[in-house]
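Whole structure, please, built from the sequences with the hints as guidance.
Chains as they are written, first to last, in the numbering used here: chain A, 1 to 322; chain B, 1001 to 1266.
These aren't lab readings, by the way, just hints derived from the structure by calculation. Quick caveat: nothing in here was measured; it's all calculated off a predicted structure. Careful, some of the hints might be misleading.
As the list claims (entries may be wrong) - Partial list, computed: chain A residues near chain B (C-beta under 10 Å): (1) Y69; (2) E100; (3) I114; (4) D116; (5) A142; (6) T145; (7) P149; (8) S163; (9) V169; (10) F172; (11) P190; (12) T219; (13) G223; (14) V239; (15) V263; (16) T308.
What the hints assert, rightly or not - Derived PhoX-like pairs: lysine-lysine, alpha-carbon spacing no greater than 25 Å straight-line: (17) B:K1263 / A:K288; (18) A:K316 / B:K1264; (19) B:K1263 / B:K1246; (20) A:K52 / A:K108; (21) A:K288 / B:K1246; (22) B:K1264 / B:K1068; (23) A:K316 / B:K1202.
Ideal placement from N, C-alpha and C gives every residue a C-beta, glycine not left out.
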Amino acid sequence: MSEVLVLVDHADGVVKKPTYELLTIARRLGEPSAVFIGPAAQGAEVAEKVKKYGAEKVYVIDDAQIKGYLVAPKAEALEQLAGSTSPAAILIPSSYEGKEIAARLAIKLESGLITDAVDVQAGEGGPVTTQSVFAGNYTVQARVTRGTPIITVKPNAAAPEESEGAGTVEEFATTVSDAAKGAQIVASQPRQATGRPELTEAAIVVSGGRGVGSKENFTVIEGLADALGAAVGASRAAVDSGWMPHSFQVGQTGKTVSPQLYVANGISGAIQHRAGMQTSKTIVAVNKDEEAPIFELVDFGVVGDLHTVLPAATAKINDRKG
Amino acid sequence: MNIVVCVKHVPDATGDRHFEQDFTVDRVGVDGLLSELDEYAVEQALQIIEKRPDEEHTVTALCVGPEKAVDAVRKALQMGCGAGAHVLDDSIAGSDAAATSLVLAKAVEKLGAERPVDLVVCGMASTDGAMSVIPAMLAERLGLPQVTLASVIETQGDQVRIKRDSDAATEVIGATMPLVLSVTDQSGEARYPSFKGIMAAKKKPLEIFSLADLGLEPALVGLSVAWSAVEDTTARPPRTAGEVVKDEDGSGASALTDFLATKKFI
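Below, the structure written as structure tokens:
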């Protein structure tokens, strides 16, 4: 069976959940090989994690020449690895960085690229992907028809399934051209951990919009989120008002989420917001305005003031949990 | 400076967007407009030159698409771009992102034939395909650095410095022109065309390029040679509206909690 390369999604060597989802998908297509671009010293530790999800090989690419720059050196490293492994497919997490790496790699390898897959299955002519397009109004089945299929996969595209792989570590030496070092990271301030689940990976998302009214009032949203073990999201209106940082934004120009449960509070439901949440399994809304378009999408809605409904519901939920 | 802004003409997201029988996006039978996210690119290109009043600048809005796509260029001219370029060729229909980036790259080279292009400015994504890959593909094709997802942009001489919110961190990125820049909707409200701008736009130069003008073989672009193929599209069934209750004396919170418990979210 041919190898399927999976680019490991990690933060300072801590492997993130989408990696396991990608490895689970890779097993449908061939023999999974994890590709870790990071400090070589962390390679063995990463291998221990990814072999539990079926990684037969773990390519460790030391990032000493890579980490200070935007995506171009990573694309070069993957190009070189693809050249020596001739993989059946390359799976990359569908983050902004992942998509940019994939974009450069596709041109280098003259290979087809499919982004934002929400499902990938083996097919006769290669992997068949499912994407959700036009603000979630259509699903599209597609296939790469040239070169090595390069597919960026969204979080939650598969439930991670454990399966023991060999996890053999191979250090892979790459050369980075000077041309790839053109965009330098001058400063980087990691986002503060909130202690809540990652927005794009969470099973439940509780969001607030214009109706929340102020930065301080977001504690109402956070309270419900914590009672449900959920991530906190915000509409563009709430972000533009400065109540929440942009990293919390759900919608066309923020994050696209597809959780089991999405609770929209004080959010009218403009097309730009829908684009980011319409594929959620269950949708609940609380809004004062009974004409708000969000109510066209909901499985359950409450017409009422979120400032009274949410704290009361939060208290009831906490009571039930005991 | 010589700046090129890439602008895309897209189906109106508030209208009924759908596919043709060959699974390409219907771009003819629907209302279209300049992609909202490209307005921010036009705005930032204009702000960059306005902050450098002592130099001579050209800002060209560049578009690839069918005949009516020229409306995207026109809007950019009304906003203040000095010139327009439209790559119009029937062979391009159905092109994937890889082929589109090839056409854009050749057009940028053409626009830089006499005076090298310093900056190519793009939006963060189109509002139709929404792949967010064109800036990176274009940079790869042109052999340039890409500085993407900028929310704050500063230039000094040939240096560019941007601030951005990336996936996991807030970053400052530095690079030397020429380069490809993409900007987000956080970079600042895009200006509306003024009446004066609308009148002036009618007199601004607008070049039409065919593939031959760009030295490109038609066989390199279009649906039949795309590197990926859509095999099926399915309209998502509209969500059927569920139960909506009115909150009266705390009934809303109880009903909400009951619903969440029934669905086993508690």
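Structure-based check of each hint:
{"no.": "1", "hint": "Y69", "verdict": "holds (9 Å)"}
{"no.": "2", "hint": "E100", "verdict": "holds (4 Å)"}
{"no.": "3", "hint": "I114", "verdict": "holds (6 Å)"}
{"no.": "4", "hint": "D116", "verdict": "holds (7 Å)"}
{"no.": "5", "hint": "A142", "verdict": "holds (5 Å)"}
{"no.": "6", "hint": "T145", "verdict": "holds (5 Å)"}
{"no.": "7", "hint": "P149", "verdict": "holds (8 Å)"}
{"no.": "8", "hint": "S163", "verdict": "violated (28 Å)"}
{"no.": "9", "hint": "V169", "verdict": "violated (25 Å)"}
{"no.": "10", "hint": "F172", "verdict": "violated (22 Å)"}
{"no.": "11", "hint": "P190", "verdict": "holds (5 Å)"}
{"no.": "12", "hint": "T219", "verdict": "violated (17 Å)"}
{"no.": "13", "hint": "G223", "verdict": "violated (12 Å)"}
{"no.": "14", "hint": "V239", "verdict": "holds (8 Å)"}
{"no.": "15", "hint": "V263", "verdict": "holds (9 Å)"}
{"no.": "16", "hint": "T308", "verdict": "holds (7 Å)"}
{"no.": "17", "hint": "B:K1263 / A:K288", "verdict": "holds (24 Å)"}
{"no.": "18", "hint": "A:K316 / B:K1264", "verdict": "holds (15 Å)"}
{"no.": "19", "hint": "B:K1263 / B:K1246", "verdict": "holds (20 Å)"}
{"no.": "20", "hint": "A:K52 / A:K108", "verdict": "violated (32 Å)"}
{"no.": "21", "hint": "A:K288 / B:K1246", "verdict": "holds (9 Å)"}
{"no.": "22", "hint": "B:K1264 / B:K1068", "verdict": "violated (51 Å)"}
{"no.": "23", "hint": "A:K316 / B:K1202", "verdict": "violated (63 Å)"}
Hint violations for this structure: numbers 8, 9, 10, 12, 13, 20, 22, 23, all remaining hints satisfied.
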